[in-house]
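Generate the whole structure from the sequences, applying the supplied hints.
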Amino acid sequence: MSAFSWSRVTAVLVKEFKQLTRDRVTYAMILAIPVIQLTLFGYAINAEPRHLPTAVLAQEDSRYARSIIAALKNSAYFEFVAQARSAGELDRLVRTGDAQFAVTIPGDFSRRVARGDNAQILVEADATDPSSTGPAVAALSALPTAALSHDLTGAVAPRGQGKAPFEVITHARYNPEAITAFNIVPGLLGVILSLTLVMMTALSVTRETERGTMETLLATPLEPIEVMVGKLAPYVLVGLAQTAIILLMAGVLFHVPMSGGWIGLSLGIALFITGSLALGFFISTLARSQLQAMQMSFFYILPSILLSGFAFPFRGMPAWAQWLGEVLPVTHFLRVVRGSLLKGQGLGDQWRELLALTAFVCVVTALAMARYRRTLD
Amino acid sequence: MTRDGRLSPHAAEKTTALAIDVHGLNKSFGDKHVVNDVTIQVAEGRICGFLGPNGSGKTTTLRILCGLLTPDSGSGQALGFDIIRQADEVKLRTGYMTQRFSLYEDLTIAENLQFTARVYGLDRRGERVDKALERLGLASRRDQLAGTLSGGWKQRLALATATLHEPRLLLLDEPTAGVDPKARRTFWDEIHALAAEGLTVLVSTHYMDEAERCHEIAYISYGKLIARGTAEEVIAHSGLITFHGEGPNADRLAHELAQKPGVETAAAFGAAIHVSGEDRAALEAAIAPYRREPYQWREVPPTLEDVFIQLMGRSQDNVQ
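Quick mapping for you: the protein sequence lines, in order, are chains H and S.
When you line the first sequence up against the numbering used here, it's residues 1 to 377, in that order.
When you line the second sequence up against the numbering used here, it's residues 1001 to 1320, in that order.
Keep in mind that a hint or two might mislead.
[Claimed, not checked] Calculated lysine-lysine pairs in the DSS-like style (CA-CA distance at most 30 Å, straight line):
#1 18/H <-> 1032/S
#2 15/H <-> 1032/S
#3 1182/S <-> 1131/S
#4 73/H <-> 163/H
#5 1032/S <-> 231/H
Hints listed in this document are in silico derivations from the structure and should not be mistaken for laboratory results.
Now the structure itself:
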C-alpha cells in the first residue's frame, strides 16, 4: 500500500475508542481505578503510624509512673489499651498482637529516681514490622529528659538537671535487628497466593464460558459442585507448591526465623487457599469475559497489597481503612503467617484470625454457589 | 401442515413413539419473547430440520430441550422424560452439539473423546474412543490438538463426541455453518447413518439443501412455529405460485418486479428470475409487461427457499 496514512490511523483510533467505551466493566475500571484507588490509598496510607496500641505494667502506682505514661501518650505515638497485672500477661498481649508496645515501670522506680540510682523503664516493641515501630522507638529518646520535668521540684530538683533522671531500655522483640525481609517475605506468601490463585481460577472458569465449552459441560450430566471441585482441585496443588517454594526460599535465602506455630500456619494456609479459589470462582460468575475477570481480580489484589499491612503498616491507616483491611482475607492470613514464623504464636493466639478466614471462605463459597448456575438462564 | 404452531396432521398420526413431544414452550429474556408458544413433536428415528431466520428462537428451543434453559411456561417430554423435572435423565440420553466448536482446542482429539467418556461414566472407555476415532478416520491423528483441525473435521469430531455415549436423541445447532459442501455431505451421511440406527435428530440449519435432506422440517419465526411437515408438504401447503423467467438480464428485473402488487418475492437465480406470490391473477398481471421476446416465462414448483422467504415476510407482517 501507500505511505503512512493518518486517515487510516484515525479509522483504527475511532474504532478503538468506541470499543473501549462499549464494555461497561472496562469503562468503569478506567474511571474507578484512579478515583477509588487514589482516595482509598491516598488517605489510607501513612508510613509513620501513630497511636500504636500499648500495654503497661506499672509495678508501682506513683506520680512519676503516671507522668511517664502521660508523656508517652502526649507523644501521640502510643495509645494505652491495656493495663497488665503481671509480666506474663504483658508478654501475652504483645505476642497476640493486641499491643504493639509493652511498657514496664519497675516497683522501685520512684525510689531510684529520687536517689539518682540508675532508674530504668523497659519498653518492648513488637518489631515484626520494623517500619511501623521505628518512628515510635525514635521518639522515646526524648522521654527521659522531658517526662519528669514538672515533678522534679524541691528536694529532688537536682535530679532534673544534668544527666537524665532515668533511662529507657528499648527491646525490639521478634526481629531485633529490624530486618525488613523478615516482615516482607512471609507477607509475600499471602500476596503471591492471592495473585496467582484468584486470577488463575477466575480466568479458568471464564475461559470455558468465553470459548463455549461451558455450554457443552452444562449439557452433560455434570453437577455444578462436580465442575467446581474438579476445576479448583488442581489449583489447590498449585497453591501448595507455591507455599512450599516460598517457605523454603524464605528459610534458605533470607533466613526468616521459623519459630513454630505450625498447626495454625497449616490451617491458615488451607483456609487462605480455599478462600482465594472460591473468590476466583465467584469472580468468574460475575465476569463475562477473561478481560473482565482479569480486571476484577486486579481490583481485589491492589487493596490486598496496600491495605492488608503487607506494604504499609496496618496501624498507620485511619479507622475506616483498617476496617476495610479487616474484610480482606490477606490481612488475617498475614497475621497468621507472621505470627507463626516470627512470634511462634500458638492456636490460642491465632483463633480470631483463623475464624475470620473461615468466615471469608464460607461467605464467598456461598456467594459463588448461589451465582453459579447450572443452566444458561 | 398448520400455520398456528399446533399439531400437524403428520405428527398427530401417533403411530410411532415420539422422541420429542413438547407443548406451548415460552421463554423470554427481559422483554424479548424469544420462544412463543412452540409445540414440537418428532417421532423416533426421524430427522427433523429446524429452520427459521437468525434470532428466531431456534437455539433457545434446543437449549430448553436439553435442559440448559428452563422455559417460563410449557411442558413436555423428551424420550419419555419430563424435560423440566427429569432434565438429568434427558441429559444422559441426549447428545448436544452447540453452534460453535465447543470442544477443548488445547486438548488432543483423543483427549477430548476421553474426557467426554469419563463425564458420562462410560465403560470400556479406551475401546469406545478407539472405535469413534476409527469411524471418524482420525485414528492416525489422535494425538493432534483439536484446535488445529479444519472446520469440517472439527464438526465431525464434535459429532463423534456428542454421540460417544450412544444417545437416543441428538440436538444439533447449525452444525455445518461455514463448512465446505463436501464436508457437509459427509456430515449429513453420518447423521442419516445414525438415524438409521434409531437415533432421533433435531437439527437447525440455514441451508436449503440440508432442509431437503431431513425427513420433516419445522419452521420457526419470531419465536413462533409457523410451518411444519415434509419438504413437499410445506411447499404444497404454502399456496405459492412461482414463475421462472429467462432472458437477457432477466435477473435485473428482480427489484422492479418486487414492487408490484401481488408479488411476494422476486429473486434472481443466476441469470434467471423467480417471481412468487399467492394471487395468480395479480402475479400474471405483474409479469405481463415482460411476457414478450426475448423473455421466456414458465410456471415452476416453488422451491423450499421461495416458501421460506414468503414465510419470513409474512411473519414479520404479523409482528408489526
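What hint numbers does the structure not satisfy? Hint 5 alone not satisfied by this model.
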